[in-house]
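Engineer: Line order of the protein sequences matches chains G and H. Those letters in the first sequence? Residues 1 to 285, by the working numbering. Those letters in the second sequence? Residues 1 to 313, by the working numbering.
These are computed hints drawn from the structure, not numbers from a lab. Mixed in with the good hints, there may be bad ones.
Unchecked claim - Below, a list of computed lysine to aspartate or glutamate pairs in the DMTMM-like style, where the Cα atoms sit at most 20 Å apart:
hint, chain 1, residue 1, chain 2, residue 2
1, H, Lys-124, G, Asp-274
2, H, Lys-124, G, Asp-278
3, H, Lys-94, H, Glu-172
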Amino acid sequence: MAPIERVSSPGARVRRKLARHPAALLGGAVVLLFVAVAIAAPLLAPFDPVKSNWLAVRRPPSAAFWLGTDELGRDILSRLLWGARASLLAGLVSVAIAVGVGVPLGVLAGYVGGWLDALVGRLTDALLACPFLILAIALAAFLGPSLGNAMIAIGVSATPIFIRLARGQTLQVVAEDHVLGARAIGCPHRRILLVYVLPAITAPILVQATLAIAGAIIAEASLSFLGLGQQPPAPSWGSMLNTARSFMTQAPWMAISPGLAIAVVVLAFNLLGDGLRDALDPREP
Amino acid sequence: MLRAILGRLLVALPTMLLVTLLVFSLQLLLPGDPALALAGEERDPEAIAQIRAQHHLDRPIPVQYLIWLAGLLRGDLGTSLKTGLPVAELIASKLPVTIELAILSMLVAVAVGIPAGVVAAVRKGTAADAAANIVALAGISIPNFWLGIMLILLVSVRWGLLPASGYTSPFEDPLRNLQTMLMPAVVLGTGIAAVMMRHTRSAMLTALRQDYVRTARAGGLPERVVVLRHALRNALLPVVTLGTLELGTLLSGAVLTEQVFTIPGFGKLVVDAVFTRDYPVVQGVVLCAGLGFILMSLLADILYVLLDPRLRT
Chain G
1 MAPIERVSSP
11 GARVRRKLAR
21 HPAALLGGAV
31 VLLFVAVAIA
41 APLLAPFDPV
51 KSNWLAVRRP
61 PSAAFWLGTD
71 ELGRDILSRL
81 LWGARASLLA
91 GLVSVAIAVG
101 VGVPLGVLAG
111 YVGGWLDALV
121 GRLTDALLAC
131 PFLILAIALA
141 AFLGPSLGNA
151 MIAIGVSATP
161 IFIRLARGQT
171 LQVVAEDHVL
181 GARAIGCPHR
191 RILLVYVLPA
201 ITAPILVQAT
211 LAIAGAIIAE
221 ASLSFLGLGQ
231 QPPAPSWGSM
241 LNTARSFMTQ
251 APWMAISPGL
261 AIAVVVLAFN
271 LLGDGLRDAL
281 DPREP
Chain H
1 MLRAILGRLL
11 VALPTMLLVT
21 LLVFSLQLLL
31 PGDPALALAG
41 EERDPEAIAQ
51 IRAQHHLDRP
61 IPVQYLIWLA
71 GLLRGDLGTS
81 LKTGLPVAEL
91 IASKLPVTIE
101 LAILSMLVAV
111 AVGIPAGVVA
121 AVRKGTAADA
131 AANIVALAGI
141 SIPNFWLGIM
151 LILLVSVRWG
161 LLPASGYTSP
171 FEDPLRNLQT
181 MLMPAVVLGT
191 GIAAVMMRHT
201 RSAMLTALRQ
211 DYVRTARAGG
221 LPERVVVLRH
231 ALRNALLPVV
241 TLGTLELGTL
251 LSGAVLTEQV
261 FTIPGFGKLV
271 VDAVFTRDYP
281 VVQGVVLCAG
291 LGFILMSLLA
301 DILYVLLDPR
311 LRT
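Work the whole structure out from these sequences, hints included.
Structural biologist: In structure tokens, the structure reads:
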């Protein structure tokens with residue numbers, strides 16, 4: 001008798017495939033570290049991130065100030081740790097807005113079809129036509145500069161990608177035999193959407209969301225760099241870079257760590273997203 | 001072929017109309033009375049009433065949109081609140097600078113991204129492939145404004161090789177122009193080179209698996225000829241189209257790059273307009289960027305139809 005093949009659960013399969021991607025695991029570890037730092041910033045920061053210290057203005061890295069101080073004598077390491085909160089918040093909230101608005105719209109457009117699909121399709125095209133950052137700048141300009149409004153602006157700008165993805169995935173799922181069967185026996189639309197469509201499209205949405213967080217972190221840093229995100233004296237990596245620009249010759253250390261932090265975190269989210277894409281792809285062995 | 005092009009044009013028109021609606025709707029986001037927001041520091045009731053009448057703010061919103069759209073069709077994008085100049089004129093004066101930056105950045109992206117993608121595909125699974133992938137991922141992850149600041153620190157502050165900021169017109173002094181634009185073009189081109197490398201690698205891997213490549217190899221053609229003349233020529237088609245669609249990334253990146261290097265272009269115009277609350281200029285820039293992107297996409301579609309004989313029927 002042939003041996004019975006052990007069938008593993010989808011979760012175990014994803015974990016096994018993810019374990020084959022060391023880069024994705026590294027990305028995941030850095031993301032976890034970033035989240036932990038953002039949460040524990042008040043405990044980890046050696047100094048007050050907003051309090052000026054006129055006796056320690058523009059000090060280079062030393063034993064007392066590991067990453068140096070800025071033009072107001074504030075410890076750069078402390079500001080960097082607190083700044084992680086703005087980046088994490090912007091990444092999570094703006095992607096939550098994009099997923100919360102984009103996925104229902106995309107699913108409805110793909111499921112209902114007809115005029116609704118055409119209207120949502122054209123709206124998506126129009127939103128995608130406006131360059132991401134320019135649209136975010138314009139929205140932040142009209143709403144007023146603040147971290148909250150920057151998150152709304154980034155969320156709205158990232159929405160069309162989720163609409164398009166959810167619509168495309170829904171069109172694929174509703175054409176499958178088991179969904180056609182469910183429709184044929186009179187299964188209510190709400191049940192089809194909740195039981196068949198949403199679970200089937202979760203994996204690609206999750207991958208896109210991970211990659212979108214990377215984009216949102218860069219976008220928040222860009223808006224803060226331009227003065228349209230987190231407002232001083234609250235710390236944010238983008239606004240730290242904006243200030244550093246004015247002191248490049250006198251205090252070059254002010255510019256190095258915030259940019260490095262953005263690059264490392266964004267790289268980590270990109271690595272994790274790429275790994276998740278392979279791990280959640282059912283065609284991959 | 002004409003039908004295919006007309007079909008794409010018919011899809012582009014409603015999208016353009018929706019972009020105009022989107023851009024017009026931005027002013028509805030202004031908190032409170034838009035006339036007060038447009039008036040800025042001005043608090044004289046008569047002046048505010050004049051602004052209200054001038055911008056038709058006393059009319060219903062759909063009528064305001066139609067009046068604005070009618071102006072748009074005549075090339076009237078409104079008047080700058082700060083300078084009093086027509087927005088279209090302001091944009092037209094800044095656009096050539098950004099176009100020059102975009103062209104130079106695209107040259108950098110093509111010169112780096114395509115050869116790197118070809119090498120990565122031909123040597124798939126080797127150290128060269130891994131290195132190209134890591135560099136591409138880094139290129140996508142590093143914020144271009146930080147890369148700009150680091151280059152200024154190194155090339156201008158430490159080595160004193162190139163100017164850190166400013167702009168000279170190529171008609172005034174071509175050499176100085178190249179000196180001021182080199183670093184911004186590298187900064188802006190790097191991110192696009194990374195995307196282009198990934199697209200080229202993927203398209204080349206597909207092309208290298210095709211029958212015509214196997215036939216060319218079986219016919220005894222040297223590998224260089226097979227890769228460059230047969231595989232790359234076919235792989236470049238989607239890469240060229242995708243490259244055209246990178247215009248959005250290019251414009252978004254230009255805003256930050258122009259800010260870092262103090263280049264008086266389209267991007268700097270919109271950022272300055274944001275801080276002076278010059279809303280018509282902000283709207284004008286978003287509109288031009290959106291319509292420009294649609295036109296470029298249309299051009300890419302038409303190019304695709306012209307280049308790929310299978311799409312002509």
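Engineer: Is the Cα-Cα distance between H:Lys-124 and G:Asp-278 20 Å or less?
Structural biologist: holds, 18 Å
Engineer: Would you mind confirming whether the straight-line C-alpha gap from H:Lys-94 to H:Glu-172 stays at or under 20 Å?
Structural biologist: holds, 16 Å
Engineer: Between H:Lys-124 and G:Asp-274, does the CA-CA distance stay at or below 20 Å?
Structural biologist: Roughly 18 Å between the alpha carbons, so the hint for H:Lys-124 and G:Asp-274 holds.
Taken one by one, the earlier hints all hold for this structure without exception.
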